[in-house]
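Undergrad: Throw the hints in and build the complete structure from the sequences for me.
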Amino acid sequence: MSEFFQRFARNRAAVLGIGILAVIIVVALAAPLLFGADPFKLQGKPMVPPLTGGFLFGTDMLGRDVAAGVAYGARTTLLIGVIATTVAVTLGLLVGGVCGFFGGKLDVLLMRVTELFQTIPSFLFAIVIVAILGPTITNVIVAIALVTWPPVARLTRGEFMSMCNREFVHACVCAGVQDWKIILRHILPNCAPAIIVTASLMVANAVLIESSLSFLGLSDPNVMTWGLMIGAGRVALRAAWWVCAIPGIAILLTALAINLAGDGLNDSLNPRLKNA
Amino acid sequence: MSTKTLLEVDNLSVTLPAGGDREFAVTDLSCTLCPNEILCVVGESGSGKSVFARSIMGLLPVPRLRVSGGSIRFDGQDLVNVAPSEMRRIRGNKISMIFQEPMTALNPLIRVGKQMEEVLCVHASMGREERRSLITGRLQRVGITDPERLLRSYPHELSGGQRQRAMIAMALLLEPRILVADEPTTALDVTTQAKILRLIKDIQASSHMAVIFITHDFGVVAELADRVAVMQQGRLVEIGNAKDVLEHPSHPYTRSLMEAVPRMKFRGPRTSFDKAPAVLSAQALCKAYRASRRSQPVHALKDVSLRIRRGEAVGVVGESGSGKSTLARSIARLVDVDAGQILLGDTDLLRLEREPLREIRSKLQMVFQDPFASLDPRCKVGFTVAEGLLAHGETEENAMRRTDELLSLVGLGPDAKHRFPHEFSGGQRQRIAIARALALGPELLIADEPVSALDVSMQAQVLKLLADIKERLHFSMLFITHDLRVASQVCDYICVMRNGEIVEHGQTQDVFADPRHEYTRELLSAVPGLAHELSAAEQTCMARIGIARSPSTSEG
Chain A
1 MSEFFQRFAR NRAAVLGIGI LAVIIVVALA APLLFGADPF KLQGKPMVPP LTGGFLFGTD
61 MLGRDVAAGV AYGARTTLLI GVIATTVAVT LGLLVGGVCG FFGGKLDVLL MRVTELFQTI
121 PSFLFAIVIV AILGPTITNV IVAIALVTWP PVARLTRGEF MSMCNREFVH ACVCAGVQDW
181 KIILRHILPN CAPAIIVTAS LMVANAVLIE SSLSFLGLSD PNVMTWGLMI GAGRVALRAA
241 WWVCAIPGIA ILLTALAINL AGDGLNDSLN PRLKNA
Chain B
1001 MSTKTLLEVD NLSVTLPAGG DREFAVTDLS CTLCPNEILC VVGESGSGKS VFARSIMGLL
1061 PVPRLRVSGG SIRFDGQDLV NVAPSEMRRI RGNKISMIFQ EPMTALNPLI RVGKQMEEVL
1121 CVHASMGREE RRSLITGRLQ RVGITDPERL LRSYPHELSG GQRQRAMIAM ALLLEPRILV
1181 ADEPTTALDV TTQAKILRLI KDIQASSHMA VIFITHDFGV VAELADRVAV MQQGRLVEIG
1241 NAKDVLEHPS HPYTRSLMEA VPRMKFRGPR TSFDKAPAVL SAQALCKAYR ASRRSQPVHA
1301 LKDVSLRIRR GEAVGVVGES GSGKSTLARS IARLVDVDAG QILLGDTDLL RLEREPLREI
1361 RSKLQMVFQD PFASLDPRCK VGFTVAEGLL AHGETEENAM RRTDELLSLV GLGPDAKHRF
1421 PHEFSGGQRQ RIAIARALAL GPELLIADEP VSALDVSMQA QVLKLLADIK ERLHFSMLFI
1481 THDLRVASQV CDYICVMRNG EIVEHGQTQD VFADPRHEYT RELLSAVPGL AHELSAAEQT
1541 CMARIGIARS PSTSEG
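For the protein sequence lines, the chains are A and B, in the order given. The numbering of the first sequence is the working numbering, which starts it at 1 and goes up by one. The numbering of the second sequence is the working numbering, which starts it at 1001 and goes up by one.
For the record, the hints were derived by calculation from the structure and aren't laboratory data. Predicted model only: the values in this text are computed from it and were never measured. Backbone N, C-alpha and C define an ideal beta-carbon position, used for all residues, glycine too. Be careful, since some hints might not be right.
Quick list of simulated restraints, FRET-style, between CB atoms [said to hold, decoys possible]:
| id | chain 1 | residue 1 | chain 2 | residue 2 | range |
| --- | --- | --- | --- | --- | --- |
| 1 | B | Asp1028 | A | Trp180 | 42 to 50 Å |
| 2 | B | Arg1294 | A | Arg112 | 48 to 56 Å |
| 3 | A | Val26 | B | Ser1408 | 27 to 35 Å |
| 4 | A | Ile25 | B | Ser1071 | 31 to 39 Å |
| 5 | B | Ser1408 | A | Leu269 | 55 to 63 Å |
| 6 | B | Leu1343 | A | Trp180 | 25 to 33 Å |
| 7 | A | Thr90 | B | Asp1336 | 27 to 35 Å |
| 8 | B | Ser1068 | A | Val26 | 16 to 24 Å |
| 9 | A | Trp180 | B | Asp1202 | 23 to 31 Å |
| 10 | B | Arg1152 | A | Thr90 | 32 to 40 Å |
| 11 | B | Arg1419 | A | Leu51 | 58 to 66 Å |
| 12 | A | Gly217 | B | Arg1294 | 49 to 57 Å |
| 13 | A | Arg12 | B | Arg1472 | 52 to 60 Å |
TA: Now the structure itself:
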C-alpha cells in the first residue's frame, strides 16, 4: 500500500490534481462559514467587478456574491458528480458482472440493452429524462447515472470474462467455492484498479453533464450550481464577463483536477507501469 | 590464437537496476568462440544467459541494464563501445539472432516475405529479383517446401515450426559469422524441436559459422554442443568441451543440474492396478471447438475413453493441440464436453446439477501448469489453501489447522500462510498449489503440466514431492505432460494423444519399451539427448524402434 502512495506521489500532475481537488472540497465544505447561509441573498450593488467593493469575484446582475455562488455551486456539483457516478458504477458492475461471469443468453440480452443505451446520444438522452421527470436534484442524478453506466458495464464484463479464464479462478471452481464468493473475493478485487480509474474519470464527466443541464435551466432552480450561474450570466456576458467566466473556470479546474488524479491512479494501480 | 577466435568476451559485467535481487546480471564473464563451433550456454531462469546473448547483440534495455565492465571483441572490434550506426551494420549481417518465441519475434502485421526482404534492403544493395531468389533459396535450405506461399503469409498463418524456420532463414540471409540463438526451441513441440535442432546443426556444419545456443535443457546440449558453458547467478561456473562437461562435470552446480534432468525410464517396477477399483472412468468423450459458426469445427476430443484405478497414476502425453489439456479440463468439469460419460465412482459427473456438482468437486482436484497464474495475487497463501475447506463447510479453526498441516506436508512450513504468492519462487508456488489441491482430500488429482513452467532443479523437487505424497495419501492421479521423460518417471499407465484421439495406451514400460504406434515412436525419437543417456540394453531397445521408424508398413 505504501508502495502505491510512493508511486502516486512521484507523478507530479496527479499530486497537482489532488491538490486542486482538495482546495475545491474544502471551499465547498466551508461555504456556509465563509459566505453565510444563502448564496441567493443580495449582497451589494449589481455587476461589481472582481476584487472591488469587498467582493473577491465581484457580483452578478442582481448583486449576488459570485464567490458565494461558486462555493455553494461546488457543493452541489461535486455531490451530484459523486452520487451519480456511484449509482452508475453500481449499475454497471451488476450488469457487467452478471454478463461476464455467467455469459450465455442473459449476457446476449443484457448487452443488447446496454448497446441500446449507448446508441442514444447521451446528453440529449439526459435532457429528455430531466424534461420528463422534472428538474430536481434527484432527477438530475438519475439522468446522469442512466446515461453513463453502459461503459462501466462493458468494461466490467470484459474484465470479468478475462478473470474467469484465469487459472486461480478455475482453481476456486475446482475447490467447489460458491460463485458469489469467487466474484467477491477473487474477481472483483483483481478488476478493481480498472474500475476505480474509470469511475474517477466518470466523476469529471458527470460534473460536465450537470453543469450543461443547469446551464440549460434543466436543474433545480432553488439550488446554486455552476451551470446555473453561467446560464444566468450569459445575457450580460459583454457587460459582466466574470459572472460567466469564474464558474466556467471552476468547472474547468474541477474536471481537469479529477482527470489528472484519475490518470495518476491509473499509473500507480497498473503494475505493468511499475518501473517505467 | 587471436587469428582463430571469432568472438572474445573478456570480464564482461552487466549491472542490474538498483533493487534487483543481485547487483550484476552477468559478472566477470570471459569466454571465446571459434569459427565453426557450437557453444551452448546452459543455466536456469535468471542465470543471466539471455542477458549475455543480448549484450553480444547490443540489445540490452539501456539504461536499465548496461555493460559496466569488460569487453566483447568480434574480429578485433570492441562491440561494447562501438558506435550505434556501426553496430547496426554488424547486427543481422555478421552476427544475427533467433529468439525464443517466433510469434512475437515476427511483426504480426507484415507479410513474412516483406520482413525478410527488409534485412537485405538494410544491409545489401540488391535488385528485387535478386533479393527474392536469395530468400527463396534460404527458405528451401531450412526445409520449407513451398517458399512462395510462406512469403505471402502473415506470421499467424504459419505453425510454430514454420515461423521458427522462417526466423532461421532470415538470420542466415547474409551468411553471418555468428548465429546467436536464445532458446529457439523452447516454445516448440518435441518433434518440431528435434527437426529444428537437426537443421541448425546441419546448417552450421555446411556454412562453418559459429553458433551461441542458449538453452536450459541438457538434452539439447547433448544433441548439439561442441562446447558447453554453464551459468549460475550471472557467473560462468564451468566451460569446456561438451563431452568432458557432460561426462565429467567438475562444478557441483553442473552436477546438480544434470542430476535434476529427468531421465527416460524404460524399465521399472511394474505395478499392476488391474484388481483395484476404478476411481474414474470416462467413456467416449467428444468435444469440438468452432472459431465461428461457419468455420470447420476443430475436434479437441474424439471418442476418448480412459480409466483410472485407485492409486494409479495415468499419464496423458502428446504435443500441443493434441487435446490433452481439454481432456483434463473436461474431467474437472471446467470445460463442458459435447458427448460422453464421466463416472466418478458411481456418479455421472455430466448429469449433476450445479449444487451437487459443487459438493462432489472435493473428490477431484486440479494442479495447474503456471504457478504464477494459478494463485490469486491478492490473497494470502493461508486463505488460498483453506478456501476450499471453508467452502465445504469446515469451521475456520479446523481449516486453519489443516492448512498448517498441508503447508508442512509440501515442505513450506505453517509460517508461509501469512505471506502473499509473489513472495515465493515458482517451485514454492507450485507446492502451494499442490497443498491447495490436497486440502479437500481428493480421490483423484489432475495435474495439468505441473512442472513444465519450472526450472529443472525445481521440476525434480516438485516431482519427488508429488510421488512422496501420493505414496502417503494413496490418491489416483491424471498426469498431463508433453515431456516423455517426466511421464516415464511418474506414470504407471500411459495414453498417447494426437489430434484429439488416444492413439496408444498401456503400461508405461510396455508403451515406451515397445511402442506400437508410429506417432509414439516419433515422439520417443524426438526426446532431446536420449541417445546420450541410455544404457546398453536401452540402446538396443531404441535401435529396435529406430529400425521400425524407417518407412514402415506395420502400423501398430
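Undergrad: Each hint needs a verdict: does it hold in this structure or not?
TA: Right, here's what the structure says about each hint:
A C-beta distance of roughly 57 Å is found between aspartate 1028 of chain B and tryptophan 180 of chain A, which places it outside the suggested range of 42 to 50 Å. Range check, arginine 1294 of chain B to arginine 112 of chain A: Cβ separation about 22 Å, and the 48 to 56 Å hint is violated. Roughly 54 Å separates the CB atoms of valine 26 of chain A and serine 1408 of chain B, a value that falls outside the hinted 27 to 35 Å. Between isoleucine 25 of chain A and serine 1071 of chain B the beta carbon distance is about 60 Å. The supplied range of 31 to 39 Å is therefore violated.
A beta carbon spacing of about 36 Å between serine 1408 of chain B and leucine 269 of chain A contradicts the range 55 to 63 Å that was offered as a hint. Between leucine 1343 of chain B and tryptophan 180 of chain A the C-beta distance comes to about 30 Å, which sits within the given range of 25 to 33 Å. In this structure the hint that threonine 90 of chain A and aspartate 1336 of chain B lie 27 to 35 Å apart at CB holds, the actual value being about 32 Å. The hint said 16 to 24 Å for the Cβ distance between serine 1068 of chain B and valine 26 of chain A, and at roughly 50 Å that hint is violated.
For tryptophan 180 of chain A and aspartate 1202 of chain B, the hinted distance range of 23 to 31 Å is not satisfied, since their beta carbons lie about 59 Å from each other. At roughly 52 Å, the beta carbons of arginine 1152 of chain B and threonine 90 of chain A sit outside the given window of 32 to 40 Å. Roughly 60 Å separates the CB atoms of arginine 1419 of chain B and leucine 51 of chain A, a value that falls within the hinted 58 to 66 Å. Separation of glycine 217 of chain A from arginine 1294 of chain B is about 54 Å and conforms to the stated range, judged on CB atoms against 49 to 57 Å.
For the pair arginine 12 of chain A and arginine 1472 of chain B, the beta carbons lie near 58 Å from each other, so the given range of 52 to 60 Å is met.
Consistency note: the structure conflicts with the earlier hints numbered 1, 2, 3, 4, 5, 8, 9 and 10.
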